[in-house]
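Number of protein chains: 2
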Amino acid sequence: MASTTPMKLALFSILTLLYFQAVISLTPLHEHPLDPLTKEEFLTVQTLVHNKYHTSKNKVAFHYIGLDDPDKDYISKYEHEKVPIVIHRKSFVIAIINGQSHEIVIDIRLKTIVSDNVHKGYGFPMLSLEEQGLVTKLPLKYPPFIASLKKRGLNLSEVVCAPFSMGWFGEEESKRTVRVDCFMKENTVNFFVRPISGLTMVADLGLMKIVEYHDREVEVVPTAENTEYKASKQRPPFGPKQHSLASHQPQGPGFLINGHSVSWANWKFHIGFDVRAGIIISLASIYDLEKHKSRRVLYKGYISELFVPYQDPTEEFYFKTFFDAGEYGFGRSTVSLIPNRDCPPHSHFIDTYIHSVDGTPSLLKNAICVFEQYGSIMWRHTETSIPNEFIEESRTEVNLIVRTVVTVGNYDNVLDWEFKTSGSIKPSIALSGILEIKATNIKHNDEIKGELYGKLVSANSIGIYHDHFYIYYLDFDIDGAENSFEKTNLKTVRITDGSSKRKSYWTTETQTAKTESDAKITIGSAPAELVVINSNKKTAVGNHIGYRLIPAIPAHSLLTEDDYPQIRGAFTNYNVWVTPYNRTEKWAGGLYVDHSRGDDTLAVWTKQNRDIVNKDIVMWHVVGIHHVPTQEDFPIMPLLSTSFELRPTNFFERNPVLKTLSPGDVVWHGCPKSN
Amino acid sequence: MASTTPMKLALFSILTLLYFQAVISLTPLHEHPLDPLTKEEFLTVQTLVHNKYHTSKNKVAFHYIGLDDPDKDYISKYEHEKVPIVIHRKSFVIAIINGQSHEIVIDIRLKTIVSDNVHKGYGFPMLSLEEQGLVTKLPLKYPPFIASLKKRGLNLSEVVCAPFSMGWFGEEESKRTVRVDCFMKENTVNFFVRPISGLTMVADLGLMKIVEYHDREVEVVPTAENTEYKASKQRPPFGPKQHSLASHQPQGPGFLINGHSVSWANWKFHIGFDVRAGIIISLASIYDLEKHKSRRVLYKGYISELFVPYQDPTEEFYFKTFFDAGEYGFGRSTVSLIPNRDCPPHSHFIDTYIHSVDGTPSLLKNAICVFEQYGSIMWRHTETSIPNEFIEESRTEVNLIVRTVVTVGNYDNVLDWEFKTSGSIKPSIALSGILEIKATNIKHNDEIKGELYGKLVSANSIGIYHDHFYIYYLDFDIDGAENSFEKTNLKTVRITDGSSKRKSYWTTETQTAKTESDAKITIGSAPAELVVINSNKKTAVGNHIGYRLIPAIPAHSLLTEDDYPQIRGAFTNYNVWVTPYNRTEKWAGGLYVDHSRGDDTLAVWTKQNRDIVNKDIVMWHVVGIHHVPTQEDFPIMPLLSTSFELRPTNFFERNPVLKTLSPGDVVWHGCPKSN
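So the sequence lines, in the order shown, correspond to chains A and B. Final position of the first sequence in the working numbering is 683; the numbers increase by one with none missing. Final position of the second sequence in the working numbering is 683; the numbers increase by one with none missing.
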């Protein structure tokens, strides 16, 4: 979940002031139609919307400003035309004006508003950072809360509050409300592990006031002892000690970055960025040495949603069923990467812009890093069976990694896209940051009577059970847009006719998913190969070309299907879904997720049971982690990671790195001593 | 599966000659009681056994010479005594003498034979390299085979043969026989993809002659075109190109290796090596900064067996159900690592000795490498919610990797043990090398009628379906030998009493496995945390200290339980097993696996259903890959990898790397130009 960012807020205010005083060039500056909006483009959008809607009575609150993706046809034309074509740039905006969510499409080049649609359905757009900042100040001046602090003997000046999305639990009417929880930062920056429990505080973001307050019970605030994680605040002994290790690339990096377009080894792709999706990988193509051309694999890939349901049904936690992308924004929550820490020294960093609630863009430095990393072995073989010949061949593997970190409040998500020259793409997610802690008077397991809904991770501190379900949007375009989805089941065959000394073996049975229903897959129920193929193209021996999904151990949502959070997060009902491409179906939890009712989710769309044979299809893949907290996760959690692999499967005629030579040896002997 | 090694054979012969002419020092030279046998110790064993059993009629064939592990009590004493104690060194030998398998225990220090037991049960010991070498020469002088070649128009001088273990398919009597398959090396070193199909050839290793031969049918031998993998034989264009990347460690490596004992960051462990098991990790302990002591995690870990059943029941392939450790030996099949290719330039290499069939040790250079590698992030957090404070903390992660490569014939297994300062151990396996190919007259999928038992990966070449099931032996000693195994199930609870706005949540239910039956786990059937705990020790808040298994996506054997290969490989019936420690239970497929009948497997031992509560217990974990071959696997396969994590779970009071500082920055600017 997300929290306030007063620093960013201050920066926005200054930038906003500057904007209204300065003369701004509105010339778009970009190189690729999928580039994120530039500073100038944000400002154009801001001006156009302001000019049309802003009055002293009606303030415009920009909750989302993003690129309105060009059609796939247009991108195809852009890629294949030799002469430069006019780059269309449109923006899609969700702004709250006079209490209504407006969906505004803007033609940036023509500086016109193309359309404006008022959202009539359920749910609200992503929270802005500014309202998150403002709402967390409310308790500090709210007398009942101050009284509660006094009752507990807590110091108001050491209180930090954070907003928590509330979900939907069957209420008929929904308002833009958040729960506000407060914490003690006394003697630690790690306030998340020092919650002030027993309070229910609801704030209305529209009114920007506290609309509900209960002081239910008093639990002790966990101590600050052993919670600090800042290096500068630690006392010796330090350890364990690590020796420095850095990569040395005498030929320089193997990649070339032109704006947002990356070329590396046999791969080319585009890195986009969106305030909601965060990083977006587009147009990933791999050069085929035999076919002498670059071949498309992935039109677009990004994390569409992250559902984090906590498993405590009590008043303190029941609502904590977060949708981190749809409620807080993966892009909005992307943090600046720390050079030499979050990314190795030889990394290339990419900055981006994110917009404030008034539409002003501000620079996010080091939002993305790109670097090469020694992998393992690419392929190898030692052959000793040929008389008078000893053969040993092994190729060094260097991989390319594109990394962002999304910190939604307490949790830090390290999100990598790894590319391999052998054709694999390995997206990985890793969790770090801080657990959501519930305070308890209990100091030892022996005192527990009844259900804690979590584990005691420190005295007075319960790490509440929860899950992390990431859903990846993977628009494969395997050598063209028209693809199909094949499920190849591995099936035991029993031999009863005495034809073999064996009694059994397994074989494969391939089914092409005809419709969306056929493609709803629960991984792990039976062994199967899941492959996106281009059924219009075959290899020389007649295999369909494709890419397969090699998943991590799957995690399935354990909530009942009729539970409200599960209705909203119904995209976790399966691990894999396939839909026909539809440009409006981007967000697996819906376009408006805050207080959503689950009427615009992947689970609902797929009820149409559309045809997915030889169509432009999108695979959706849920990667999940059930999290039973342990003491090692406290006070800050070492990375817990998982990944999956998208691996070429008869995409190439043969091993595509057969003719790769290992790069030259680099042995570091130190520098020669100068005289 | 394994094949001949004439090169090694030649080396052995020379060494053997030298041995009989030279005066050899028999003083044992070792530093740790778990060190692999030294050259001198091998020679002592050889001499003692030779002296007692060798006659001109009775030749001694050493099929296994290894360290006879000291008792755990002895090791404990060794570790804790301040004054040096006498290092007992014993060897366990399996030698075939006069057609019988003798199990001989030798006290190396006292130079005496302690015991000699003749194996009466089923099964034979591992094949020696020498007999593998000899048997593959037989066809070349066997007239019926020469006639078959002539019939096919194949050139005898281009033929390479390889021995294949035959398993057991219900025969009443078993002899030490192997199937011999032959291949064409004409125009390629990649003979494995050019099988001469349609022949059944059985050789008796005792008689060293062909005892069965059928020329069943003629299939075309697949062409050599596009099969070569040697860099020196490739023709342009080469690619994709990679830039050099090497690690630079200005402070030198962070590890210290003393003989076979490794210290690195907070870890200490011992690296052993055995001709059957290959690499063995022992005595892995981690330093606890708070408790000011090193704490034991793993007493011993190694791969106990690798079961590779092919899924083709026809005469050509039905018997191919290999047990690579028990039949061929993981240590015997370990290959020399190629510096700068298999391991990065800053690696430390460890050599070892393997013995020949006459007992002579020969040096295997670079059997093991140890290196540090940049990982990802150790832990991080960016905090923007505290007014006037901006906090970003991130720790660089450097991991330690111990690697070996085991090449059993066509397949190369890259076997890593990764250690993390945060307490995790991540064993990983990766496959490379060459597919087992079945020849077919079919050149295109359109020609297929009926079952191929695999996929066409090139014209005339079927990559047969198969599995790779590795079983790890993991003798945890979590802070002491007495441990228990806990299974914590995640269970949905439905709320029906209106006590919450939620309708459901999940909670945990922990069961301690009382006996071996309770600990037979099929991973993936229901979500669960699998933890080895020390129930005698608790953290300050009362959690049992432990380590949990985070598995990869599991693979289950799809053979029927009554099928002969499955009876022999019954350790794949579950993904996790737990047994009470028993020093004779080392090999999940049995001590004698060649032609075994499954009467000495993990599945049989656990039928005793022994008590495993608060005992010295061993966890066995099966890691599996179902392999549906693809064209990318041909002619040589890019690494396909999987791994699991052993992660501290309330083992520490809190994050054990909280007080780790990132190592100093190293930014490579090149060397200063000398004048």
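By construction, these hints were calculated from the structure, which means they are not laboratory data. Honestly, I wouldn't trust all of these hints.
Treat identical chains as interchangeable: a pair holds within one or across any two.
[Claimed, not checked] Distance condition first, Cα-Cα at most 35 Å in a straight line; then the derived DSBU-like pairs of lysine-lysine: (1) 238 <-> 145; (2) 499 <-> 183; (3) 434 <-> 276; (4) 545 <-> 457; (5) 60 <-> 301; (6) 522 <-> 545; (7) 509 <-> 217; (8) 145 <-> 65; (9) 667 <-> 434; (10) 158 <-> 299; (11) 434 <-> 373; (12) 451 <-> 495; (13) 528 <-> 373; (14) 249 <-> 80; (15) 183 <-> 301; (16) 67 <-> 528; (17) 98 <-> 158; (18) 276 <-> 183; (19) 47 <-> 60.
Hints, one by one, checked against the model:
| no. | hint | verdict |
| --- | --- | --- |
| 1 | 238 <-> 145 | within (25 Å within a copy, 68 Å between copies) |
| 2 | 499 <-> 183 | between (52 Å within a copy, 33 Å between copies) |
| 3 | 434 <-> 276 | both (15 Å within a copy, 32 Å between copies) |
| 4 | 545 <-> 457 | between (63 Å within a copy, 21 Å between copies) |
| 5 | 60 <-> 301 | neither (48 Å within a copy, 69 Å between copies) |
| 6 | 522 <-> 545 | within (18 Å within a copy, 56 Å between copies) |
| 7 | 509 <-> 217 | between (78 Å within a copy, 24 Å between copies) |
| 8 | 145 <-> 65 | within (24 Å within a copy, 95 Å between copies) |
| 9 | 667 <-> 434 | both (22 Å within a copy, 31 Å between copies) |
| 10 | 158 <-> 299 | neither (74 Å within a copy, 38 Å between copies) |
| 11 | 434 <-> 373 | both (25 Å within a copy, 34 Å between copies) |
| 12 | 451 <-> 495 | between (51 Å within a copy, 24 Å between copies) |
| 13 | 528 <-> 373 | neither (40 Å within a copy, 51 Å between copies) |
| 14 | 249 <-> 80 | between (51 Å within a copy, 31 Å between copies) |
| 15 | 183 <-> 301 | neither (54 Å within a copy, 56 Å between copies) |
| 16 | 67 <-> 528 | neither (44 Å within a copy, 64 Å between copies) |
| 17 | 98 <-> 158 | neither (53 Å within a copy, 72 Å between copies) |
| 18 | 276 <-> 183 | neither (45 Å within a copy, 58 Å between copies) |
| 19 | 47 <-> 60 | within (20 Å within a copy, 87 Å between copies) |
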